[in-house]
Each structure stands twice: as structure tokens, then as C-alpha cells.
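In terms of my numbering, the sequence shown is residues 1 to 107.
Because the hints were derived from the structure by calculation, they are not lab data.
Any given hint could turn out to be false.
[Claimed, not checked] Simulated crosslink set (BS3-like; lysine-lysine; CA at most 25 Å straight-line):
1. LYS82 x LYS25
2. LYS107 x LYS82
3. LYS57 x LYS11
4. LYS84 x LYS107
5. LYS61 x LYS107
6. LYS61 x LYS82
7. LYS9 x LYS32
8. LYS64 x LYS84
9. LYS23 x LYS11
10. LYS32 x LYS11
11. LYS25 x LYS64
12. LYS84 x LYS57
13. LYS32 x LYS7
14. LYS25 x LYS9
15. LYS57 x LYS107
16. LYS25 x LYS61
17. LYS107 x LYS32
18. LYS57 x LYS23
[What the hints assert, rightly or not] Per label pair, the in silico range of CB-to-CB distance:
19. ARG8 x GLU54: 55 to 65 Å
20. LYS10 x ARG91: 49 to 59 Å
21. LYS10 x PRO71: 53 to 63 Å
22. ARG26 x GLN88: 28 to 38 Å
23. PRO71 x ALA38: 27 to 37 Å
24. PRO4 x LYS64: 54 to 64 Å
25. SER94 x SER51: 18 to 28 Å
26. VAL16 x ALA103: 39 to 49 Å
27. LYS82 x ILE35: 15 to 25 Å
28. ALA47 x ALA20: 29 to 39 Å
29. ARG8 x SER94: 57 to 67 Å
30. GLN88 x PRO53: 20 to 30 Å
31. ARG26 x SER94: 23 to 33 Å
32. ARG91 x GLN41: 45 to 55 Å
C-beta atoms are modelled at their ideal positions from N, C-alpha and C, and glycine is treated no differently.
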Amino acid sequence: VKKPKRKRKKKPVVDVDPNAPPKPKRITGLNKPLILSASLQTIMDGATQLSRPEIVKRLWKYIKSNQLQDPADRRYILCDAKLKSIFQQDRVNSFGMNRDLSAHLTK
Numbered sequence: 001v002k003k004p005k006r007k008r009k010k011k012p013v014v015d016v017d018p019n020a021p022p023k024p025k026r027i028t029g030l031n032k033p034l035i036l037s038a039s040l041q042t043i044m045d046g047a048t049q050l051s052r053p054e055i056v057k058r059l060w061k062y063i064k065s066n067q068l069q070d071p072a073d074r075r076y077i078l079c080d081a082k083l084k085s086i087f088q089q090d091r092v093n094s095f096g097m098n099r100d101l102s103a104h105l106t107k
């Protein structure tokens, strides 16, 4: 004997005021602002605190604008003087970049 299927309750429709200001973004662990080291601040236009996603976004903007990706293997970044002060290497793997950045970030 088969049980009858239950009907799902519909969610109530909530009227959203189009003129209401947007809700502020919650600061979670990922979006928490971190304090940057002095060498990292030079690349980040002098910003002293940024979230990790914003740091990576600005770092990629710097890399792309200065054409620092290795043309032979685009997974690698060729470090100029500013990046060399952060990574202490001539060439950095883009996937390991976050790991190397953590030495320049404090909570």
C-alpha cells in the first residue's frame, strides 16, 4: 500500500520595497579585513586593511596590468621588484600565491 504524497507548503510571498536600502554585507571569516605588511601595501595602493578576496583581486589586477604572467606557462607569475619583495622568488606558481601571501597578513 502506497502512502499518499504530502503537498509542500508554499513560501509566503514577501513584498520587497524597491526603494529600501540594500542590506549591508555581513563580515564573515572570509571577508574579514586583514592588516597588510608594508611591502604588500605598496602594491595595494597604500591600503592598510583589506579582505583576502580583495587582496587577491587587486594582486591579479597588478599582475595583468604589468604583464607579469609567464608567456610560456601562464600558471606562473614572473616577479618584478615589488612582487619579489613579497614572494622572495623570481617566479611564483599562481595556485600557491595565497599560501605565500599569508606571511604578509595579520588579523
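Consistency of the hints with the structure:
no.	hint	verdict
1	LYS82 x LYS25	violated, 32 Å
2	LYS107 x LYS82	holds, 23 Å
3	LYS57 x LYS11	violated, 37 Å
4	LYS84 x LYS107	holds, 23 Å
5	LYS61 x LYS107	holds, 24 Å
6	LYS61 x LYS82	holds, 14 Å
7	LYS9 x LYS32	violated, 37 Å
8	LYS64 x LYS84	holds, 16 Å
9	LYS23 x LYS11	holds, 21 Å
10	LYS32 x LYS11	violated, 33 Å
11	LYS25 x LYS64	violated, 28 Å
12	LYS84 x LYS57	holds, 18 Å
13	LYS32 x LYS7	violated, 42 Å
14	LYS25 x LYS9	violated, 30 Å
15	LYS57 x LYS107	holds, 19 Å
16	LYS25 x LYS61	holds, 23 Å
17	LYS107 x LYS32	holds, 8 Å
18	LYS57 x LYS23	holds, 23 Å
19	ARG8 x GLU54: 55 to 65 Å	violated, 40 Å
20	LYS10 x ARG91: 49 to 59 Å	holds, 57 Å
21	LYS10 x PRO71: 53 to 63 Å	holds, 56 Å
22	ARG26 x GLN88: 28 to 38 Å	holds, 36 Å
23	PRO71 x ALA38: 27 to 37 Å	holds, 31 Å
24	PRO4 x LYS64: 54 to 64 Å	holds, 59 Å
25	SER94 x SER51: 18 to 28 Å	holds, 19 Å
26	VAL16 x ALA103: 39 to 49 Å	holds, 45 Å
27	LYS82 x ILE35: 15 to 25 Å	holds, 19 Å
28	ALA47 x ALA20: 29 to 39 Å	holds, 30 Å
29	ARG8 x SER94: 57 to 67 Å	violated, 45 Å
30	GLN88 x PRO53: 20 to 30 Å	holds, 24 Å
31	ARG26 x SER94: 23 to 33 Å	holds, 29 Å
32	ARG91 x GLN41: 45 to 55 Å	violated, 23 Å
When held up to the earlier numbered hints, the structure conflicts with 1, 3, 7, 10, 11, 13, 14, 19, 29, 32 and fits the remainder.
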